[in-house]
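**Student:** Here are the chains, one letter per residue:
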Amino acid sequence: MSKSVSHRLILALLPLFLGILFVFLIKSNLFENYVVLGHFHVDLIALCLLISCILSLCFVIIILTQSKKKSDQDRKIAHEREIQSLERQRFMYRLDHEMKNPLTTIRLGITNLQDRQVNDPDETETLNRIGYQAQRLQTLVEDMRRLADLDEASMDIEDNSLADILEEAVTQSRSLPGRDQSSVQLTVQEVPWPLAPIRGDRDLLVIAFRNLIENALKFSESSGQIEVRATEDNHRILVEVADSGRGIPPEDLQYIGTELYRAKNAQDQPGSGLGLAMVKRIVELHHGRIEINSRLGQGTVARVVLPMKVS
Amino acid sequence: MAKTQLLIADDEPDLLAELNPLLERAGFAVLTVLDGEQALKAIDINHPDLIVLDVLMPHMDGREVLRQLRQQGNWTPVILLTQIGTPTERALSLQEGADDYLNKPFEPLELVARIQAVLRRSQHENLPLNSFRLICSEKLLLDRQTRRAFWDGRDLMLSARAFGVLEYLMLNNQEIITRERLLDQVWGWSSPIGTRAVDTRINEIRKSLEDDPEKPQFIETVIGSGYRYLKGVSGQK
Numbered sequence: 001m002s003k004s005v006s007h008r009l010i011l012a013l014l015p016l017f018l019g020i021l022f023v024f025l026i027k028s029n030l031f032e033n034y035v036v037l038g039h040f041h042v043d044l045i046a047l048c049l050l051i052s053c054i055l056s057l058c059f060v061i062i063i064l065t066q067s068k069k070k071s072d073q074d075r076k077i078a079h080e081r082e083i084q085s086l087e088r089q090r091f092m093y094r095l096d097h098e099m100k101n102p103l104t105t106i107r108l109g110i111t112n113l114q115d116r117q118v119n120d121p122d123e124t125e126t127l128n129r130i131g132y133q134a135q136r137l138q139t140l141v142e143d144m145r146r147l148a149d150l151d152e153a154s155m156d157i158e159d160n161s162l163a164d165i166l167e168e169a170v171t172q173s174r175s176l177p178g179r180d181q182s183s184v185q186l187t188v189q190e191v192p193w194p195l196a197p198i199r200g201d202r203d204l205l206v207i208a209f210r211n212l213i214e215n216a217l218k219f220s221e222s223s224g225q226i227e228v229r230a231t232e233d234n235h236r237i238l239v240e241v242a243d244s245g246r247g248i249p250p251e252d253l254q255y256i257g258t259e260l261y262r263a264k265n266a267q268d269q270p271g272s273g274l275g276l277a278m279v280k281r282i283v284e285l286h287h288g289r290i291e292i293n294s295r296l297g298q299g300t301v302a303r304v305v306l307p308m309k310v311s
Numbered sequence: 001m002a003k004t005q006l007l008i009a010d011d012e013p014d015l016l017a018e019l020n021p022l023l024e025r026a027g028f029a030v031l032t033v034l035d036g037e038q039a040l041k042a043i044d045i046n047h048p049d050l051i052v053l054d055v056l057m058p059h060m061d062g063r064e065v066l067r068q069l070r071q072q073g074n075w076t077p078v079i080l081l082t083q084i085g086t087p088t089e090r091a092l093s094l095q096e097g098a099d100d101y102l103n104k105p106f107e108p109l110e111l112v113a114r115i116q117a118v119l120r121r122s123q124h125e126n127l128p129l130n131s132f133r134l135i136c137s138e139k140l141l142l143d144r145q146t147r148r149a150f151w152d153g154r155d156l157m158l159s160a161r162a163f164g165v166l167e168y169l170m171l172n173n174q175e176i177i178t179r180e181r182l183l184d185q186v187w188g189w190s191s192p193i194g195t196r197a198v199d200t201r202i203n204e205i206r207k208s209l210e211d212d213p214e215k216p217q218f219i220e221t222v223i224g225s226g227y228r229y230l231k232g233v234s235g236q237k
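Chains as they are written, first to last, in our numbering: chain F, 1 to 311; chain A, 1 to 237.
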């Protein structure tokens, strides 16, 4: 039973308590123990208890039927959501499967053409471009498939140092062309105590934070400052990735993290629109959540809250 | 010397048409069929040196062909072209007696390299290592079903991915395995995971085996290439 329901049940019993209180008052001779109703003298204690009991009972019945209706509804919604996500997964599988043979054939064909003895230089360039684009398509399909596949069963859970994970994520994001690591500043809480280890899949967490850092880098000027801060907050671990970049338009903010969605002012940067969806999924798999705050023209901060390991 | 004969089974004629010249350029004689039943017939008649099977085919799928072959006691090397890259799926293919597996869509030259590697291995192995549940190398023993590694009977408590890395290196012992290939084989996806993830697992394995990377007994780092398992490995029934 939910908390709100039990609170309301206590309220529903209020008439009963009031009735009992009244009985005590009568007992201590504050009132006469009878009341005249027409020609009858009625025992006030009995009347009081009767009315309060009936009122409480009515309230209790109303509350319980309402809460049952609501929980039935909740269950139905949860069930529908589950079916939806399953269907989405199945759709991704079919799409993935249907694209594999064509992609394999295209790549084989390109290799065959590239391996010819005589090649026109123009043709070579075209072939390289087709090859590159086929590769891109393949990566997109693979990433979509991974996203659909990502579940608890595929995780390798262990205790990890968050500092290690973040350092690796920062190092990896350095490979983004044209961005050196100097603009990323990493601070991990050491005082008054170092961060507790985090339970989860190391490689997935690296992917998540790397994605956030790369986003911050992509949407900032090359001179911009990126800060990655990890602190402990009320038995949770808080990781913030903040930039002073271009920000996300408010009307796009609610769609951020939806597969293949890209903000209006993000079109000039390479990306598949899957990165944040992946981050969201990974964070959820670790029983955490992510919030994104942004001001257009001022910057963005992504806040990841993860539960701390209970020792 | 006669050319090495390959049999390729896949239900996509266009794919076969493109695969054929590639493999012929690599020096193989290639025979192609479009489904599992045809594959079994062709194997009976032509006795190929190596078989490449697509997993999803009409009439009889690649797994079923493989099962029937192995039941008949036919240990011709088989490479499976898998559609689904989940690690469990891969583990299954191996236990059914495939010598290697490759995810579609594959890098064309990667297929050639795998075919050559499997042929090399099959020359000095009677049964492929892949067909054993237990593989051992001196005091090191891997139980591939329960996914646990033991040293002299003591459980090494390797993480699932470290086990996968060690298993793959041992199955392909003496060969240089790139980090990208390990990612592809053990993690099942390479693009968003950096190769550092592999190094982390190698460190974990080395620590539990007390293997000094400077003077490695088990796993050697081949600079600029990847890793190599140095000792001999044998299978135990």
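To be clear, the hints were calculated from the coordinates, so they are not data collected in a lab.
Heads up, the beta-carbon is just placed ideally off N, CA and C, and yes, glycines get one too.
Don't take every hint at face value.
Computed Cβ-Cβ distance ranges for the label pairs, DEER-style [claimed, not checked]:
1) A:E138 <-> F:N234: 47 to 53 angstroms
2) F:V191 <-> A:A117: 51 to 57 angstroms
3) F:S71 <-> A:E180: 48 to 54 angstroms
4) A:D199 <-> F:L9: 31 to 37 angstroms
5) A:L109 <-> F:R174: 27 to 33 angstroms
6) A:D155 <-> F:T126: 55 to 61 angstroms
7) F:D122 <-> A:G224: 31 to 37 angstroms
With the Cβ distance kept under 8 angstroms, some of the chain F side facing chain A (calculated, not the full set) [stated by the list, open to error]:
8) H97
9) N101
10) R107
11) T111
12) Q117
13) N119
Sample of chain A residues lacking proximity to chain F, with all beta carbon distances greater than 10 angstroms (derived) [what the hints assert, rightly or not]:
14) K41
15) M60
16) N74
17) K104
18) P105
19) Q116
20) S159
21) R196
22) T200
23) G224
**Student:** Decide, hint by hint, whether the structure agrees.
**Tutor:** Hints, one by one, checked against the model:
no.	hint	result
1	A:E138 <-> F:N234: 47 to 53 angstroms	holds (51 angstroms)
2	F:V191 <-> A:A117: 51 to 57 angstroms	holds (53 angstroms)
3	F:S71 <-> A:E180: 48 to 54 angstroms	holds (50 angstroms)
4	A:D199 <-> F:L9: 31 to 37 angstroms	violated (58 angstroms)
5	A:L109 <-> F:R174: 27 to 33 angstroms	holds (29 angstroms)
6	A:D155 <-> F:T126: 55 to 61 angstroms	holds (56 angstroms)
7	F:D122 <-> A:G224: 31 to 37 angstroms	holds (34 angstroms)
8	H97	holds (6 angstroms)
9	N101	holds (5 angstroms)
10	R107	holds (6 angstroms)
11	T111	holds (4 angstroms)
12	Q117	violated (11 angstroms)
13	N119	violated (15 angstroms)
14	K41	holds (23 angstroms)
15	M60	holds (18 angstroms)
16	N74	holds (27 angstroms)
17	K104	violated (4 angstroms)
18	P105	violated (4 angstroms)
19	Q116	holds (16 angstroms)
20	S159	violated (6 angstroms)
21	R196	violated (6 angstroms)
22	T200	violated (7 angstroms)
23	G224	holds (17 angstroms)
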